[in-house]
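As given, the protein sequences belong to chains A, B, C and D, one line each in that order. Okay, so the first sequence: first residue is 1 according to full-length UniProt numbering, each after it adds one. Okay, so the second sequence: first residue is 1 according to full-length UniProt numbering, each after it adds one. Okay, so the third sequence: first residue is 1 according to full-length UniProt numbering, each after it adds one. Okay, so the fourth sequence: first residue is 1 according to full-length UniProt numbering, each after it adds one.
It is worth saying that the hints were derived from the structure and are not from the lab. Take these hints with a grain of salt, some might be off.
Computed cross-link-like contacts, DSSO-like style, restricted to lysine-lysine with a CA-CA straight-line distance of at most 27 Å [what the hints assert, rightly or not]:
id: 1; chain 1: D; residue 1: 81; chain 2: A; residue 2: 81
id: 2; chain 1: B; residue 1: 232; chain 2: C; residue 2: 81
id: 3; chain 1: A; residue 1: 81; chain 2: D; residue 2: 227
4 protein chains.
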Amino acid sequence: MNAAHPDLAHSLRQLRERVLEANLALPRHGLVTFTWGNVSGYDPELELVAIKPSGVSYERMALADIVVLDLQGRVVEGELKPSSDTPTHLHLYRTWPQLRGIVHTHSTHATSWAQAGRAIPAMGTTHADYFHGEVPCTRALSREEVEGDYELNTGHVIVETVSALHDGNPLARPGILVAEHAPFAWGTSPDQAVHNAVVMEEVARMALYTHMLNPQRGPIEQHLLDKHYLRKHGKNAYYGQSKS
Amino acid sequence: MNAAHPDLAHSLRQLRERVLEANLALPRHGLVTFTWGNVSGYDPELELVAIKPSGVSYERMALADIVVLDLQGRVVEGELKPSSDTPTHLHLYRTWPQLRGIVHTHSTHATSWAQAGRAIPAMGTTHADYFHGEVPCTRALSREEVEGDYELNTGHVIVETVSALHDGNPLARPGILVAEHAPFAWGTSPDQAVHNAVVMEEVARMALYTHMLNPQRGPIEQHLLDKHYLRKHGKNAYYGQSKS
Amino acid sequence: MNAAHPDLAHSLRQLRERVLEANLALPRHGLVTFTWGNVSGYDPELELVAIKPSGVSYERMALADIVVLDLQGRVVEGELKPSSDTPTHLHLYRTWPQLRGIVHTHSTHATSWAQAGRAIPAMGTTHADYFHGEVPCTRALSREEVEGDYELNTGHVIVETVSALHDGNPLARPGILVAEHAPFAWGTSPDQAVHNAVVMEEVARMALYTHMLNPQRGPIEQHLLDKHYLRKHGKNAYYGQSKS
Amino acid sequence: MNAAHPDLAHSLRQLRERVLEANLALPRHGLVTFTWGNVSGYDPELELVAIKPSGVSYERMALADIVVLDLQGRVVEGELKPSSDTPTHLHLYRTWPQLRGIVHTHSTHATSWAQAGRAIPAMGTTHADYFHGEVPCTRALSREEVEGDYELNTGHVIVETVSALHDGNPLARPGILVAEHAPFAWGTSPDQAVHNAVVMEEVARMALYTHMLNPQRGPIEQHLLDKHYLRKHGKNAYYGQSKS
């Protein structure tokens, strides 16, 4: 990788711009309080990750504040310290290079499910339009995992949980709850990752209310789940404007 | 129908304008996240339906994006694909030509009742001012209905549910919950349909809280339901400014 | 009463201005959806009541729309029909001429308590700062009361409920829930009535959450209720800036 | 203390400006209705406290309205009466001079926990990032305490509750619930106190929802609590931009 090359410099700038823009979208969507939350983006050609700096307010965040690292966590560009959650993001990109954006927030309703230690069941078609099954919840980290390389271990437990799903495809469930902590979401771009984080929060809110109205209610049937997920994301998707 | 005729061209333009305006009202009323939701309008003289295009954001939606179809679903005007829910809308207009506007949203509280699979009881006069009885909830669609012509079958199950009500008059209950999915509302214009969708969401929210305060609470008495519904919608209505 | 007299004309104009301003404050405080809600004011020298017209939107409401009536309901000024709830307002002013403003809304949380048929217990000092005891809830109106002079009978049941309280002083409990319907609030001016309606809604919201956290929780002790109510409203009140 | 000295005059002005600014931040963060809430600041060199005046609206509050008192409650500057909660603030500063800002609000969710008489358990890392343990709830004040020097006694019961915690360090739990009343928060500046009040409200909201999803859920493990609290506040804190 030679970022001095004009094309690579352009790609790098674009990556940082997209990551800045996606971070600034978090408060607009009501997903963050103060500086809680961060978005990263990954460019597989550059093999670089851009991410929000640690503890910087969204009002003052500028392009120069976005930190660029390689997948091993070496800072390539930027004066500030990257988000303290960076090791989690890097582990997910190393494991699933098909991800191009990752979001971590403490959004109110998704965090409440994470605190309750419960997966969000697919209780309706809103959920099924984006998640091909429940939004899973990890196990709690052990004392050793917490006191050791905590943020990296958070990445490990996410990968462990997604890998145990029958499909094991992270893009078919573009989000997860880390038990006792909060949600992560991802997608094929930083912007799509934010989009999925917004959906997860809304789905978490509706699932809470559904639970209050009918605590016995379980997930919808597999055929309805498939229908909604696949009409948007399957080979024969017919939702939205076709690109052909 | 000859839309080339000046009067018809004027009517068609008016229909599209009203449908655009009603769609743009959805985010203003907090009823939609992203592109979730659509409004259509029906002109019985033109025998045409105008509807939101599929997956287009409200910020960028323009008059030219509104799609016009006949009742059999043939596109008459517009370059974009109509909403994927179009077959549901068309079936409702074919069955009940007195409808002139239909709205589909995933508004938070109404969707939560739909996910819970429960009708919204008429728990107070706010509800009774608009709905002459509970807001019904359809049965879940069968596997065959989901895997077959899904959106059309959604229309079938709505008609089946409303027809089973003692009055069977869709305008006396201008909304319904599709189980495991979300609400539809309608009215005598696209604007009135949006109005009824806003009411359904607020009524759903208050009914949730009422249920939390008093789970044994059932619907209000028939005489109070009649009084409120009929003082706004009956022959001797005395709410609002008389038109005479 | 001779409104042609310059002083009286001035008082009348002032009454209408205050009533208009108080009505326009309802949407600003998030208390109303569409046209649901109305504020009136009473001037005991003029012996006249000014009130919002029926079914007019807040966006378009102008001074000329405010209707003026005497206590028997005869329209003295204004071209529009007064609010359909006018007979309730007039009965309250006839019974308690110390009231100078009355508000009716369907605000979300207070209405949910009314629908649940439950008084709002004084669960904390926020409540006690404004209401010297629970916010009472009326009995449901009988079929005869509903089918008869409904809005007047709503006034009767409010007076019946307040009169049965140990103090029977409407200004010490400046609001009430009409069962299966919604709240009314009042005060020593239209503006104060709106203020009390805002407080009732917030108190209703916190009492709902308190109930969810601790369903066994009852009202606070009488000495704490007295302390907070009387430090703001008693003879030796010491909250706020003294007027001396 | 000689406030006529230029440096001291400058410090005093700065204290008042910070207190004004922190008070104006309360409505921006959605923590207050009307005038409910107040912020004070303490300057240990001046040995003076600046605090919001009683019952003045946030829209009209100006620098000249901020009242300055010594720790015994003698007014040093300002024409208005200080907040009726001033004796509580002063007692906390006298007991814990390391506090430099105190906030009292009736924010919706924290107040609901106070009304329920329940401490907010540390149910997740959002909580642990700011509070090194549960947010405690005081006992109810006795009749004698309420009818005596009420606001001072509120300070006493806060100190009693914090002192009984195993660490007894008020800055490690920068907030508390006063039973049947509402929250207080504090910090190393007026601004930090407001920050902690915002966090407490959000933590209270998520803990309510967590409780609804899983009533059996208790606090997180001590090692996770320590990890999150100490990575932000411990000697080896690594969250945010290092100051070195």
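Point to revise | Violated hints - listed by number, lowest first | key: 1
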